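Chemist: One-letter residues, chain by chain:
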Amino acid sequence: MLTPSLIRPRSILSALVCAFVLALGGCGGGEAPSSWTTDSADILVERAGCTDSIRVDLFLDATSSMSGYAAAPGSVYLQFLDNLESAISGAWGDDSVRFYKFGTTVRRIDRDEFRTAREAAFYRERGIFTTTNIDAVIDRVGPGRVGVIVTDLFQDDGDINVMVAEVKEHVFQENLAAGVLALGSPFAGRIYDAPGGPYDYASTSDPSSLRPFYALMFGDAACLRRLNDALGSQPFVSDEHFLLLDRRLIEDYTVALDKTRDSQELNRRASPGENAFAFDVRPEGEGGTLEGVIVLDREAVAPDVNAARLGLEVFRKVRSPQTTDSVRSDDLRLRSAERRGDTLAVAFEYTLGEAEGRYTYLARLRAGDIGGLVPPAWVQDLSSTNPTATQDPNKTLNLEKFVADLAQAAASAHRPVLAQFTLDVTKR
Amino acid sequence: MRSAPLNYLITFVLAGLLWVLTALILGGYLGNTVALTVAYVEDFVQTYRILVSVAAVLGLLLAFWWYYYGSRPTTVGELDRAGRFWTTLFIVGLALAVGVLVALLILFREESFTVGQYALFFGVFSLHTWLFFWISTLLMSPRTVQTIPWGR
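Line by line, the protein sequences give chains L and R.
Quick note on this note's numbering: the first sequence kicks off at 1 and runs consecutively.
Quick note on this note's numbering: the second sequence kicks off at 1 and runs consecutively.
FYI, nobody ran anything at the bench for these hints, they're computed from the structure.
All of these numbers come straight from a predicted model, not from anything done at the bench.
No residue lacks a Cβ here, since even glycine has one placed at the ideal position from N, Cα and C.
Check each hint, because a few of them may be wrong.
Said to hold, decoys possible - As a list, the in silico EDC-like pairs of lysine to aspartate or glutamate whose alpha-carbon atoms are at most 20 angstroms apart:
#1 L:K427 to R:E42
#2 L:K427 to L:D330
#3 L:K401 to L:D369
#4 L:K168 to L:D139
#5 L:K427 to L:D258
#6 L:K427 to R:D43
Said to hold, decoys possible - So, partial list: chain R residues that the calculated Cβ filter (under 10 angstroms) puts toward chain L:
#7 L36
#8 V38
#9 D43
#10 E110
Starting from the given sequences, assemble the full structure and let the hints guide the process.
Modeler: Next comes the structure, spelled out in structure tokens:
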């Protein structure tokens, strides 16, 4: 307790000076921070998250077309199979790999039989070798393990639709990710299932004559990243030919937001934090235009984003006069988005048709569910709508459609969030 | 009221009250109502309060200087000179009001305030400088120079 002797004039003077300084800097300012519990980590790519124990189901396409890879001298396909198991063992301390061969049906095989994949007989098993039913394999993919399907694809349109539907149901809707790794390999054999009928093809020493095959991977995104990293040590595996379809695409992002000079009904306040913004709506005002620059650091293996299909998801809470839970809101709307490399120039229209009060918004910029994700250019390069002996003989039938449909399935299952920010608005 | 230290104390309290009214209360009101093109509300309010404070301190010093000058024994025989000195201080106060207003306009040159707001800013700075000096010296000048301020 203060006694009169302790209350000295210097103390009073100090208190007055403090009050003066506080009043200069703080009076009428200091808004409490937003009450949103989400932060940027919730939407960024997760590197961690894959345990040191892994169960891998390795499905090997044993249809006739695949024998052309095994028969070719210097086959990348065989090198890939040889290194796949060791890559898995090297990346995980505790690994368990189960082998399957598939075509018309799926059959579990042991490791010794898997090793016979370098022999032509492996691709002539009755009941398997005639058709490539990848959708039957995808039925077996699920949480808790990684599925790797080594195949040359070659599905017709109907197969693609069934397969994509299976992937959506068993992978994307289970919050799992899909990876497509393309590898070019020497090939010498017959290609079946082509729309114009089977034809023989043999690659030459020209790298452009290599025929691609694919490792389709399904599982937890962090595990697929780890597997791709492990495979990436092989000289024939290129990160540039790997596509990962995950619900997260962004490794980092920054948002800068400001009102336009014309928006006289809005006053800006100091930013309450990273990717957080605050504005006042002046008395009698309703809102204005906000302009932003969003810099995205997209994961290299993620699909590209179509700026024309971006969508904005906004939630609002009222902070005063009465606190309310968050509800969807269209107070903030995306007016335009223009892409310049990794930078998005965006414009928002903000309208508050409410009475005086304090409001807080959580805004999430999402990729569009239809045409929102764009496959990388290499997919188009490896794809053909009608491979024949004379035209695109070493290209994959409808790869572009398959990957585009997969990307759309991924986007519709969980529209990836590209950036999020909070907006605190006070209407005076 | 015209003798030290009472005139000093009352003048200080008066300046403090004016500061509370203009810097804190009016500053908060301006922060909520003025339209800002590029400036942050916090920056505007803080700068406004700093300028009001500068005007208030300088206005207070002008008044104190006059009290000190008027209470000197030698001033009794030099009332003409004292009159010129009061006028000089008054004009200095007026120049301070204009100077602080100009400083505000330069600091917020990208903003377009209304004529009413310009008038309000000048009124506030005037209240702390030449008006404050005039009113406080009119009411609380030492007896030897009490007839010098205009209005007596």
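Chemist: Does each hint hold? Answer for all of them.
Modeler: Structure-based check of each hint:
1. L:K427 to R:E42: holds, 16 angstroms
2. L:K427 to L:D330: holds, 17 angstroms
3. L:K401 to L:D369: holds, 16 angstroms
4. L:K168 to L:D139: holds, 11 angstroms
5. L:K427 to L:D258: holds, 17 angstroms
6. L:K427 to R:D43: Cα-Cα ~19 angstroms, so holds.
7. L36: holds, 5 angstroms
8. V38: For R:V38, the interface hint holds, since the closest Cβ of chain L sits about 7 angstroms away, which is under 10 angstroms.
9. D43: holds, 8 angstroms
10. E110: holds, 9 angstroms
Taken one by one, the earlier hints all hold for this structure without exception.
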